[in-house]
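Now that you have both chains on their own, put them together as the hints suggest.
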Amino acid sequence: MAEMTAAALVEFQDLAVSYGPVQALVSVSGAFLPGPTGLLGPNGAGKTTLLKTLLGFLTPDAGRISAFGLDPISQPLEVRRRIGYMPEVDCHLPGMTASAFVAFAGELSGMPRDEAISRAHEVLYYVGLGEARYRTVDTYSTGMKQRVKLAQALVHDPDLLLLDEPTNGLDPEGRTEMLDLIRDISARRQMSLILCSHLLRDVEAVCENVIVFNLGKVAAQGAIAELTGPRRSVFEVRVKGDPAGFLTDLKDHGCEWTEGEDGYRVFLTDGQGPELLFRTARECGVQVRHLRPGTQSLEDVFLSALGHQVQA
Amino acid sequence: MPIYDQTYRKYEARGPMRSVRFWPITREALRLLLAKKAFLALWAACWLPFIGFVIYLWGVTQFAQAPQVAEMLPSGAQVFGRYFHFQILLVFILSTFGGAGLIANDLRTGGILVYLSRPLTRRDYVAGKLGVLLGLDLSVTLVPALLLYLVALGLAPDRYLVWSLAYVPLAITAYALTLSLSASLLLLAISALSRSARVAGIGFFGLIIALDIVRGVVGAIYRWPGAILLSLQANVQAIDNALFGIEERAYSIHWAYPAVVLTVLGLACLLILRTRVRAVEIVR
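Keeping their order, the protein sequence lines are chains A and B.
Going by my numbering, 231 is the number at position 231 of the first sequence; the sequence numbering is gapless.
Going by my numbering, 1136 is the number at position 136 of the second sequence; the sequence numbering is gapless.
Check the hints yourself; a few may be wrong.
Okay, derived cross-link-like pairs now, EDC-like style, lysine to aspartate or glutamate, Cα gap no bigger than 20 Å in a straight line [claimed, not checked]:
1. B:Lys1010 to A:Asp138
2. A:Lys145 to A:Asp90
3. B:Lys1010 to A:Asp90
4. B:Lys1010 to A:Glu122
5. A:Lys145 to A:Glu131
6. B:Lys1036 to A:Asp138
FYI, nobody ran anything at the bench for these hints, they're computed from the structure.
The following block holds chain B by itself, in its conformation from the complex (with noise of 0.2 Å):
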């Protein structure tokens, strides 16, 4: 019997277009992502910060007398701040594992032809690709933060429940955003300038090394704050402080610079993406 004997229905049923289009992009990559063990492993060991600081809470509540929690406690805010010092590092591991394929995957194995002959623009396609890392490495910092502030607020209320710190939501909410944005859109931005996921993965972190240990030696040389300029983890360090209030000499720079420097790779990555992805149109 021939093959094609086999048919199958006809499909009448078209709808309005979808108004969301690139939420299936994410969708379907995040299941793909997270069937993975291995990577579910790593996504679970970016909440041990989370764990480690709610450990501390309680037991600087529950043991410590009411004099010595005051001192063991960071003042204000900085608590959120210390913990997203944690978490700056393991969203670029988390990032680097989970998104360096995002788009180098696709150029390779032409899969970006099966996006952009369907009713997708390209924008559809850089959000849906972009909403991978975004809901990530929200999940292992905006959604935890939120988590150890309702913790703060229960276990110790006099020194979290006052109207000087009901702004930390907000903070957080920022801060999370900034970090993820920052760290999703660099290596989107490299993962379209390669084929392969794992040049596009060691291309992302071997820069990040390599600026920090840039920041390290320029800052040494010159004993010029500025340095921090150079860094992407020094860059959303410096925001963080301002956020939360943690003074740090090597950070003394004023937050607007970072936020500046930030604005404009984001920019930047935008910009290579763009040229990317109407590049593999047009050469194909």
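Here chain A stands alone, though its shape is the one from the complex (with noise of 0.2 Å):
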């Protein structure tokens, strides 16, 4: 954790937060890295808890935050002075133009009203809503209003910025290219940002690090790579014959498995290779017809995060 957080934009630590009598965050600790960082957890995990305690809406039962080395709590208007956060929910103000809301946007966010202006129109290109500038908001289709949010929360070029359910109501197209715009604002543009999902395959596809939420606790954090690395304890196999013993004795000796569209991913306990795989197989009279070191996904290590077990 000390390494981890030495570089780190944003830290927690002991972090709880709670409405009333509801505890939403429940003593959590951990940092957000420099780089695209995917925030994890089912409705309710205490995500957005999270992020509106940085942005300082929200003050902390106990423990600490910290952004850029700042208190959010004591010093709110610094550290959203850093921020960009594109909300979840619909956000515009009604009879504005896409160009007066964001170069507003930049305005609020301390920027001269010149400069408010000009960066207005380049962001608004940026997200490709350049011909679409001159319209008021209120018009655009749900496509549009993501990218409007997208570009309100870029225009002062934050430090850091929150995306919270980003591609919240796109179609399938729509949804790959806010994908590839806010690959390419942390790839080309080098800026952090932290991504509050619950759909996994965004998460995997923007972020390099992710930080698991359930029941308002940390289930899991890291880099995905080495969440989902190899491992000798994963396999693919797929058998020839009824598989119901195989599985059964697999079961019988503490593994685990999965059901694929092509065969079964088997989790070995410590210390147990492919062999058992092998005399398992010869004991239950099947075949072993294809075996590979298999990698966990990313799903595996959410489900595992969240108590979810797979089948045994």
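The structure is reproduced here in structure tokens:
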């Protein structure tokens, strides 16, 4: 943790936040490193609560949180100035054109008016709304509203971008374009971002690190590559013959498995090797037709972190 | 070509934080309002009483003989108080059309998050919205009343350019602020309680009218002068009468009572605003 937090943009330690009697965050600790980080978890896991605490909207009951070395509770304006927030919910100002809206957002972030207007046009072109920038946002489609929300978060060139469910309500093509845009912001513009989502594929497509929340606690965190990297104990297996006995015997040996499109993914326990699979197959009278070391997917990590056991 | 091939410049010119952070909120809302022709027409209509009073002053001073002028022009500062009587209802109407959606629309469209996720405090947000209404209301109370004072000085200096009326500009300012602040705070509070500008507008104007009817009924039944304390319109008119020396039997109560009522109302509105803006942050 000490290593991890050395260059962290945001750190939180033993953080507890509650809404009256409801504990939304229960003594959570972690850090957001520079680069793209995914914030995963089911609804009500505490993701948005963490973002709102980071923005200084909520005061923690206990623990501490810091962003860029600043305390969002005592210095909320300084912190918000360096953050761009794209909320999950629809947000626009009625009657305003996109260019006026984004320029206004820049001004609210402290930019001089002329600079804000000039950058609003650039950012709207960047997110693909250049041609529609003089239309009022009320007339935009859902996809265009998502883009204008992204533009208002980008206009003041924040050090950290908070994206709360950025692909909500988008069709597959719009979703791909939005993810491309986010990837570009992170890769080409070197902007750190926190992608808060319940869609594993979105996080996998964009992020290098992930923090998984469940029931107000950090269930898992780290680099996605490390969390899902090759493990000796995961194998993709395809057998010929009746697999029922084979799988039952594997369960008796303490292994777990999931059914894939074409075979099974078997999770061996520590100390077990592929020879167990061959031995069990021989004993059950089935042939192993395919065996390959597998990798844990982010979904496996997510389900495991949430306490959902793979079939056993 | 992928859409993101287009790029934008890096912005590295972060200066010190603005000291007056609410101003862009006020300015932008006023710009949007004044871009509507119907609203501009309404605003212009609020100047009609001023034009009427100027014509009246000019007519009396031009065409009446010296002793008649004294009879036709109200004594002392009353002419300004009478002018404000006309403005009370107009201020409520202008506020309703200009400000009912100021917070309600932000709650409906999520626009409030655009403000609150920026380097702004809740106080900046409320001050920005209040600035819109104060700007509108003062533009049809303070500005024309001061102009009317200047017109009166020019047309009838022997009646108005006297030491005993030197307090009038201060009285005009105090009253315009009282009227504008009362209407603005109440409307903002009601706007913060709703997600619909229409509901907020009807709620505000309906409340003003309903309270005035209650005041009339209670006053008629019980013959109690304190009944005026039930109505916002009557409270501000009582202050108006006290400041400009107008005597009306219905408003015979001491001005301190309406002043206390208006102060309590203002504080209650601020409390509602504080609670509602905070609640939005948490609930969303």
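Verification of the supplied hints:
As the CA atoms of Lys1010 of chain B and Asp138 of chain A are separated by approximately 29 Å, the hinted pair breaks the 20 Å bound. For a cut-off of 20 Å, the pair hint linking Lys145 of chain A to Asp90 of chain A stands: about 8 Å separates their Cα positions. Restraint check for Lys1010 of chain B and Asp90 of chain A: not satisfied, since their Cα atoms lie roughly 27 Å apart, outside the 20 Å limit. Using a Cα cut-off of 20 Å, the hinted pair Lys1010 of chain B and Glu122 of chain A holds, with the two alpha carbons roughly 11 Å apart.
Between Lys145 of chain A and Glu131 of chain A the CA atoms are separated by roughly 14 Å; this keeps the pair inside 20 Å, and the hint holds. Pair hint Lys1036 of chain B plus Asp138 of chain A holds up; C-alpha atoms about 17 Å apart against a cutoff of 20 Å.
Hint compliance for this structure: hints 1 and 3 are broken, all remaining hints hold.
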